[in-house]
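Protein chains in written order, with this note's numbering: chain A, 468 to 722; chain B, 468 to 722.
Simulated from the structure, these hints should not be mistaken for lab results. Where is the CB? At the ideal position from N, CA and C, for every residue including glycine. Careful, some of the hints might be misleading.
Stretches of chain B that chain A covers, calculated by requiring three or more beta carbons in the stretch to come under 8 Å of a beta carbon on chain A [as the list claims (entries may be wrong)]:
hint : stretch
1    : 504 to 513
2    : 553 to 562
3    : 570 to 584
4    : 606 to 616
5    : 679 to 691
Rough simulated footprint, nothing fancy, chain B against chain A, three-plus residues with beta-carbon under 8 Å [as the list claims (entries may be wrong)]:
hint : stretch
6    : 645 to 657
7    : 707 to 721
Protein chains: 2
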Amino acid sequence: MKRRDFNALVALTSLGLATRSASAGSEAEKRLTVVALVHPGMILLDLVGPLTCFNMMMADVHLAWKTMDPVRTDSGVTVAPTTTFAECPPEADVLFVPGGLSGTTAMMEDDDVVGFVRSRGTRSGWVTSVCTGSLLLGAAGLLKGKRATSHWYTRDLLALFGATPTKARVVADGNVITGGGVTAGIDFGLTLAARLRGEDTAKFIQLLLEYDPQPPFHAGSPEEAGQALATSVLARRAPALEAAKAAARRVAAKI
Amino acid sequence: MKRRDFNALVALTSLGLATRSASAGSEAEKRLTVVALVHPGMILLDLVGPLTCFNMMMADVHLAWKTMDPVRTDSGVTVAPTTTFAECPPEADVLFVPGGLSGTTAMMEDDDVVGFVRSRGTRSGWVTSVCTGSLLLGAAGLLKGKRATSHWYTRDLLALFGATPTKARVVADGNVITGGGVTAGIDFGLTLAARLRGEDTAKFIQLLLEYDPQPPFHAGSPEEAGQALATSVLARRAPALEAAKAAARRVAAKI
Numbered sequence: 468m469k470r471r472d473f474n475a476l477v478a479l480t481s482l483g484l485a486t487r488s489a490s491a492g493s494e495a496e497k498r499l500t501v502v503a504l505v506h507p508g509m510i511l512l513d514l515v516g517p518l519t520c521f522n523m524m525m526a527d528v529h530l531a532w533k534t535m536d537p538v539r540t541d542s543g544v545t546v547a548p549t550t551t552f553a554e555c556p557p558e559a560d561v562l563f564v565p566g567g568l569s570g571t572t573a574m575m576e577d578d579d580v581v582g583f584v585r586s587r588g589t590r591s592g593w594v595t596s597v598c599t600g601s602l603l604l605g606a607a608g609l610l611k612g613k614r615a616t617s618h619w620y621t622r623d624l625l626a627l628f629g630a631t632p633t634k635a636r637v638v639a640d641g642n643v644i645t646g647g648g649v650t651a652g653i654d655f656g657l658t659l660a661a662r663l664r665g666e667d668t669a670k671f672i673q674l675l676l677e678y679d680p681q682p683p684f685h686a687g688s689p690e691e692a693g694q695a696l697a698t699s700v701l702a703r704r705a706p707a708l709e710a711a712k713a714a715a716r717r718v719a720a721k722i
Numbered sequence: 468m469k470r471r472d473f474n475a476l477v478a479l480t481s482l483g484l485a486t487r488s489a490s491a492g493s494e495a496e497k498r499l500t501v502v503a504l505v506h507p508g509m510i511l512l513d514l515v516g517p518l519t520c521f522n523m524m525m526a527d528v529h530l531a532w533k534t535m536d537p538v539r540t541d542s543g544v545t546v547a548p549t550t551t552f553a554e555c556p557p558e559a560d561v562l563f564v565p566g567g568l569s570g571t572t573a574m575m576e577d578d579d580v581v582g583f584v585r586s587r588g589t590r591s592g593w594v595t596s597v598c599t600g601s602l603l604l605g606a607a608g609l610l611k612g613k614r615a616t617s618h619w620y621t622r623d624l625l626a627l628f629g630a631t632p633t634k635a636r637v638v639a640d641g642n643v644i645t646g647g648g649v650t651a652g653i654d655f656g657l658t659l660a661a662r663l664r665g666e667d668t669a670k671f672i673q674l675l676l677e678y679d680p681q682p683p684f685h686a687g688s689p690e691e692a693g694q695a696l697a698t699s700v701l702a703r704r705a706p707a708l709e710a711a712k713a714a715a716r717r718v719a720a721k722i
């Protein structure tokens, strides 16, 4: 089977629509191992955009947390971990860390979480995040000397961890790929799909997800939204942003 | 408090970052009631994009299914319903139906599900869907005489239900708003936010979600992806699409 055909089948397999030949084909390619941190206070959309792409890449996704207790997300929907830190595979093709400002801030000073992210990060093929998840990668010492991004309002904090804050939707530097805020998860997922499975598969996934975005307004970045709206967001987020900054400084002093 | 300031606070409240004044302010505006169908085989991203926007609009979101048993989604993550059909509020500001091709096909001929969608649809301020969810709205008789959209590969089926299939990311016709495939949920959510809470709030949400999409490829629609890729997707999806078409025809003969 040509690789292009095979990859198309891979996407189908994950959607439960595989034919017998697809299933047979899927045995020919190594499945990916993805370790995704899940944590209380995470933004569910940070996880689900990339997760949808991971699944279509024929991945075994491990949703890892300290315990098997469901973690509560911003959306009200809880996510059940599939493994504990202790039971999680020690190595992975991809480590993925979603964000969520208040959740990330708490996790940055949680030794268990940081230790887990560091251990899997140093043993994974790709070290990745979306939104404020990059602060956690930074706290684990995984961004030293790397260009990286984050949600627009926390991007500059990455410098505290020895990274070069970089303004882009998705930033790839070596094996580290970081995405911008929340909705960047889909752009990130497709970028990673292209690296891991080739551009044809990434485009197949994009068409299947009908990712042809047409935002009704031009307000997705501070530059497009304008000063007044950006100031309003920053003002309203000031307490949480101050807390994140303070935590990042304390952590940075130790790594 | 000015409405603009208030709306900014609303967004914050839903993220758990509200100050005391925000909480006080939030009592001044009526909370939205959203009824969202959840069903086995749904695409989690169909739900989570809109859900993120609903929550930022200060909504009470009811995730409704036949029972309280968690429903399994494409992603492997299960979603716990918050209410059964029987216990669900009879009226809502918004009825929302996510998609998922095989799941939707099964639901179209499930009398309990169709009956629930019809009853809430006729009593809701806005009748909405993303992706193949519009097939279920159609099966419930809610799209007669309406312009509507769906995932690109099921859009034409809407004609069977008396709708006018319309090619657009988000289609609004009266109180019916339908979105395209999967990732259109974010465009849909912002469109609805503007209708319900005003453009300033919608833009605030867009900036907070950093919705500044930059797909790495141009393959999000059949036109952009090109004939070969579109044919490949259609060929691979043929069995599921044939099943959806057959179900839609059977249902259409009865409504």
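Now for the hints, and whether the structure bears them out:
1. 504 to 513: holds (count 4)
2. 553 to 562: Coverage by chain A is violated here, the residue count being 0 at a Cβ distance below 8 Å.
3. 570 to 584: The restraint on the stretch 570 to 584 of chain B is violated, since only 0 of its residues have a Cβ under 8 Å from chain A and three are required.
4. 606 to 616: violated (count 0)
5. 679 to 691: holds (count 11)
6. 645 to 657: As far as the stretch 645 to 657 of chain A goes, the hint holds, because 8 residues have Cβ atoms under 8 Å from chain B.
7. 707 to 721: violated (count 1)
Going through the hint list in order, the structure does not satisfy hints 2, 3, 4, 7.
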